[in-house]
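Could you put together the complete structure from these sequences and hints?
Residues per chain are reported as follows:
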Amino acid sequence: MKILVCISNVPDTTSKINFTDGDTKFDPNGVQFVINPNDEFGLTRAMWFKEKQGATVHVANVGGPSTEPTIRKALAIGADEAIRVNAEPTDGFFVAQQLAEVVKNGEYDLVIAGRESIDYNGGMVPGILATLLDMNFVNTCISLEVDGSNATAMREIDGGKEKISTNLPLVIGGQKGLVEESDLRIPNMRGIMMARKKALNVVEPVDAVKATQDTKFEKPAAKGAVKLVDNVNDLVNLLHNEAKAI
Amino acid sequence: MSVLVYTESENGKFKKNAFEVASYAKAVADQLGTSVTAISINASENDSLGAYGVSKVLNVSNDNLKTFNAKAFANTIGQAVAQENSTTIVVSSSTDTKFLAPLVAGKLQAGYVPNVVAAPEGTSPFMVKRTAFSNKGFAHTEISSDIKIIGVSNNSFGAHENGGTATVEDFSPSLSDADFSTKSIEVDKVVGKATIADADIVVSAGRGLKGPENWGMIEELADVLGAATACSKPVSDLGWRPHGEHVGQTGKPVASNLYIAIGISGAIQHLAGVSSSKTKVVINTDPEAPFFKAADYGIVGDAFEVVPQLIEKLKEFKAQNA
Numbered sequence: 164m165k166i167l168v169c170i171s172n173v174p175d176t177t178s179k180i181n182f183t184d185g186d187t188k189f190d191p192n193g194v195q196f197v198i199n200p201n202d203e204f205g206l207t208r209a210m211w212f213k214e215k216q217g218a219t220v221h222v223a224n225v226g227g228p229s230t231e232p233t234i235r236k237a238l239a240i241g242a243d244e245a246i247r248v249n250a251e252p253t254d255g256f257f258v259a260q261q262l263a264e265v266v267k268n269g270e271y272d273l274v275i276a277g278r279e280s281i282d283y284n285g286g287m288v289p290g291i292l293a294t295l296l297d298m299n300f301v302n303t304c305i306s307l308e309v310d311g312s313n314a315t316a317m318r319e320i321d322g323g324k325e326k327i328s329t330n331l332p333l334v335i336g337g338q339k340g341l342v343e344e345s346d347l348r349i350p351n352m353r354g355i356m357m358a359r360k361k362a363l364n365v366v367e368p369v370d371a372v373k374a375t376q377d378t379k380f381e382k383p384a385a386k387g388a389v390k391l392v393d394n395v396n397d398l399v400n401l402l403h404n405e406a407k408a409i
Numbered sequence: 009m010s011v012l013v014y015t016e017s018e019n020g021k022f023k024k025n026a027f028e029v030a031s032y033a034k035a036v037a038d039q040l041g042t043s044v045t046a047i048s049i050n051a052s053e054n055d056s057l058g059a060y061g062v063s064k065v066l067n068v069s070n071d072n073l074k075t076f077n078a079k080a081f082a083n084t085i086g087q088a089v090a091q092e093n094s095t096t097i098v099v100s101s102s103t104d105t106k107f108l109a110p111l112v113a114g115k116l117q118a119g120y121v122p123n124v125v126a127a128p129e130g131t132s133p134f135m136v137k138r139t140a141f142s143n144k145g146f147a148h149t150e151i152s153s154d155i156k157i158i159g160v161s162n163n164s165f166g167a168h169e170n171g172g173t174a175t176v177e178d179f180s181p182s183l184s185d186a187d188f189s190t191k192s193i194e195v196d197k198v199v200g201k202a203t204i205a206d207a208d209i210v211v212s213a214g215r216g217l218k219g220p221e222n223w224g225m226i227e228e229l230a231d232v233l234g235a236a237t238a239c240s241k242p243v244s245d246l247g248w249r250p251h252g253e254h255v256g257q258t259g260k261p262v263a264s265n266l267y268i269a270i271g272i273s274g275a276i277q278h279l280a281g282v283s284s285s286k287t288k289v290v291i292n293t294d295p296e297a298p299f300f301k302a303a304d305y306g307i308v309g310d311a312f313e314v315v316p317q318l319i320e321k322l323k324e325f326k327a328q329n330a
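Quick mapping for you: the protein sequence lines, in order, are chains E and V.
First residue of the first sequence: 164, per my numbering; consecutive thereafter.
First residue of the second sequence: 9, per my numbering; consecutive thereafter.
The hints are simulated quantities; they were obtained by calculation from the structure and are not laboratory data.
Don't take each hint at face value.
Cβ pair distances, simulated, as ranges [to be verified]:
hint: 1; chain 1: V; residue 1: T42; chain 2: E; residue 2: E251; range: 34 to 40 Å
hint: 2; chain 1: E; residue 1: G227; chain 2: V; residue 2: D185; range: 41 to 47 Å
hint: 3; chain 1: E; residue 1: N351; chain 2: V; residue 2: K218; range: 33 to 39 Å
This one's a predicted model, so the numbers in the text were calculated from it and none came from an experiment.
By construction, the Cβ of each residue, glycine as well, lies at the ideal position given by its N, Cα and C atoms.
So, in structure tokens, the structure goes:
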């Protein structure tokens, strides 16, 4: 089985978000970038397939040269090879078209992407990718087993979960549950040394349609001060009469 | 050229978000000078959409679509778009819809913008405001493709009645086996309980509760309020509560009318995930907990004392206001 894990290079979850250039761009100053958490759960599940079922695991990212430390981290965790499509990831449709080209050229059986990236939250890359490639697709995937060309997945639904049966080739939009938080791996020194020798192939983007563009950003309005109360009677009254929430 | 809205239903009944997305579609149609057509799959009471601005309902009755299937549903919506020559499609932000919308987008080469929080700021260019950076910011996004898909953020636009009426037409999509290549085998879903996605009120608890055995009072509080229960990331990582309850940046977003955080200090990731909730209440022993800066109302106190009192007071309140 040949697996491609698509990784997004995103600000660490603890980051404070700021904008620059007249609020038209995200300001990366002072921000630590990491593998998108939803992608990292998928990458870790891919390592399980590598170790238990002999799968080959490649990672792909669409981004400029500045994303390479994040890609190297994925190699240090254990991916065999990496591909960077040398283009700014302007929107989900654009990224999906670039990744479709990578998948076609690499003949992957299973593509694991995160349900959404925690920066732009488009949540569309895996689904559009599956459509462009005519592959099966399971979103919000919280468990995945592969036996030959059969795949059994669990997906999170509102208020529960659903078991799904499908076949390879398959794209999943993964999230926590694919593996547990405690299963995530911190690269060790040996992994980091080996990652330096692994192939990180840079390819140029293909012509692609751009469907959307973020033109301006803003931060949420500042919050007013909290109203502290010292008993539940006052709280219930405020919730009923002032907030009209109950 | 009408605006097409996908109005989601469950067991034949429209979901609350169906009326919200219908209302949103009406606002878009008014800007574009056109009308709203809804596509509904195995729903009864289709004419109820008329009150929210829908002029025509394409009603699909198909036993193969009784269980949600993203590919088959996406193909059905795509065929409705083709029949109506629609260039603007409005959908919700439910988990199922976020599953199918990218498939529609891929098929129609459409620009898809999810998490939209307000009516379009303009239609030429077509500009919408959406949340980004997991609710730490907003983006104003231009959609330049011929066909546009707008995913309306839960509970952001609201349902607005305008007293209209809708005609209902049968619509039979042409589907093949290939549309059912992913099959649902089993659905494990809590029935008769509010979900985080749909609930007006969410009661959430964190490590301050000290252990999973203490969740009884949280569930009781949720019961009294008709609320969904949720939890912080550490609580889900410790296995005290199921993953599906984890709310925050890497968990579920919450956009309820009321969010009550008990024993949750308020890490930046958690606050981002719940920031779309309209009214936030915090109950915490530590007055320095960051959640107090993000909340509307707060009680500095021990959850084990405050929550039982709150349950009693709310029971009294419900009895008086029933």
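Taking the hints in turn, this is what the structure says about them:
no., hint, in the structure
1, V:T42 - E:E251: 34 to 40 Å, "holds, 35 Å"
2, E:G227 - V:D185: 41 to 47 Å, "holds, 43 Å"
3, E:N351 - V:K218: 33 to 39 Å, "holds, 34 Å"
Comparing the model with each numbered hint stated earlier shows that all of them hold.
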